[in-house]
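Chemist: These protein sequence lines map, in sequence, to chains D and W. Per the numbering used here, the very first residue in the first sequence carries number 1; after that it's consecutive. Per the numbering used here, the very first residue in the second sequence carries number 1001; after that it's consecutive.
In short, the hints are calculated from the structure, not lab data. A quick note: this is a predicted structure, and the numbers were derived from the prediction, not measured. Quick reminder that beta carbons are idealized off the backbone N, C-alpha and C, glycines included.
Quick list of the computed label-pair ranges, beta carbon to beta carbon:
no.	chain 1	residue 1	chain 2	residue 2	range
1	D	106	W	1018	25 to 35 Å
2	W	1062	D	403	24 to 34 Å
3	W	1018	D	407	20 to 30 Å
4	W	1005	D	10	55 to 65 Å
5	D	95	W	1062	37 to 47 Å
Anything over 10 Å on all C-beta distances counts as not near chain D; from chain W, calculated:
no.	residue
6	1005
7	1006
8	1009
9	1011
10	1016
11	1018
12	1020
13	1021
14	1022
15	1052
16	1055
17	1056
The following residues of chain D were derived to be distant from chain W, with all beta-carbon distances above 12 Å:
no.	residue
18	20
19	26
20	87
21	193
22	203
23	366
24	379
25	456
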Amino acid sequence: MLDDRYAVVHKLYPYERSADQDAGVEAHHPVVIIGGGPVGMATALDLGLQGIATLVLDDHEGVGEGSRAICFAKRTLEICDRLGCGDPMVDKGVVWNLGKVFHGTDRVFDFNLLPEGGHRRPAFINLQQPYFEKFLVDRIRAAQADGAPIEIRGKNRVEELDVRDDGASLNIATPDGSYAITADWVLACDGAGSPTRKALDLGFEGKVFQDSFLIADVRMTADFPTERWFWFEPPFRGAGDSALLHKQPDDIWRIDFQIGWDVDRKTELQEDRIRARIDAMLGEGVNYELVWTSIYTFQCRRMSSFRQGRVLFVGDSAHQVSPFGARGCNGGVQDADNIAWKLAAVLKGDAPETLIDSYDVERGAAADENIRNSTRSTDFITPKSEQSRIFRNAVLQLSRQHDFARPFVNSGRLSQPCIYDGSGLNTPDSLPDGPDGTRPGAPAPDAPWADGFLLNRLGNGFALLVIRCDAPAINDLPVVQIDAPGPELAARYLGDAVSAIYLIRPDQHVAARWSTATSEQIAAAHMRAQGKECA
Amino acid sequence: MRMSALITTRNVDRPDDAYDLLLTAHEGLSKEESDALNARLILTLINHIGDLDVLREALEVARA
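Pulled out of the complex, with its shape left as it was, chain D reads as follows:
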């Protein structure tokens, strides 16, 4: 029936009987989100903050155990800032810059990431996924108290989904029996194994890689450095193709052993066997406590379309990547960032329903990019041919002595947000001397501004960023006027240009930019970015 599939560590939304169950008629909801993981909660929060009534259905009563996604990239933290929950994430998270790369028993090189300055948030933080989810729910509770129309129903499992052209009917199981509701839109945020995707019999294509990871969270009882250690072909007994040691909050280190596809889960999860691997990795005399262990399998694949009429697939339900490069949860939160403002605009009648199709176009391109990058990492970590292994080992051999070879070493590239080149929402670039990194489609980079940072000034809607020129009269757009940009802001938004006007979307991506612009040009770009003009 409604048995838990995993242990809940933070019981944040215990089952309560809702009025819908006693209504006698099917209650109607504009937006129903299936799945209360990080992607579902981020989407619900974003929609709720924009005044859209949103119902989250989760078949558990809170956050599941296990560190799972542990690397949250700067773009994700910036999205959290926009949603009002960046601070608890960064306060709790671990920032690291130092790392070591090993090949077998040899230390190949050490590195320092030396992140680019002038950003409010670090390149990424390490944080256990349960904390990330809890901070999102905490923020939802605060937003609810301020009137945001978000509702979370725990122990509510969708049993049947009937999709029509203009909405869907859902049948929901609870501990008190089942009830039915209708919805205008359904967002499937129910993970890689998405029951929604399976119920609709939709494909999940493009399998290119299969592997599994033995994951262990250990609490160290002595000092251990806050560094990322990565082994290619680790020397410890039966460790597999790679191993990773990573610091998390609460004195916990995450250890990943890549152990291949065809393994016996039960055998590999025996404590003495896990301890033997870890002892060999950490060396003699290191005391630790096993906090959580799991075997995680993955494939690289995606749905051919993330939209199925009024059902939208968001996060892992739509696409799955290898864990190298932390593109799963970060990509999913960017999906949420992309769909929420579009759905809100359509539901408010500000944009045509076709705007939703741009979600599939833009995030489909992002999924392809994420799959491509994570596939390249797996190709380096687990060479698929003799020649591939020869080149990989040559890179590692050269890297011991020569810095020039180190950029070829690929143990997972840092998750970067996708630039939506070619999106129909973009207006062609009219800032010819502007920096490449802020071209139409790009996420607006942060930069110091006034007493704080630029991104925090952009708000939750469209905004006009006006640098070193006068803004033409625009009725419906807030203007951020910058007459004296600092060096980082000038480098990122002006380049060789003397002045610039940027139209920034609600998800902080650049929709259009000009050296100077008329009201008409800006209005046309604003229309286009809301899907009101077909390019």
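For chain D, the structure is supplied; the task is to place chain W on it using the hints.
Modeler: Structure of chain W alone, referenced to chain D:
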């Protein structure tokens, strides 16, 4: 049309010496050691070239 990035005209002053350097480097190596040496050499030269267009054109020449 973009100019060809790869030099495809004669460009080595002393071709016999260049060829000899290559063969000498492989003398006495096993097949495995030679493969590894070639791979390190290719990667080192790719870094020297830097330009992906040159690499693409060189691969076209090598494949033909």
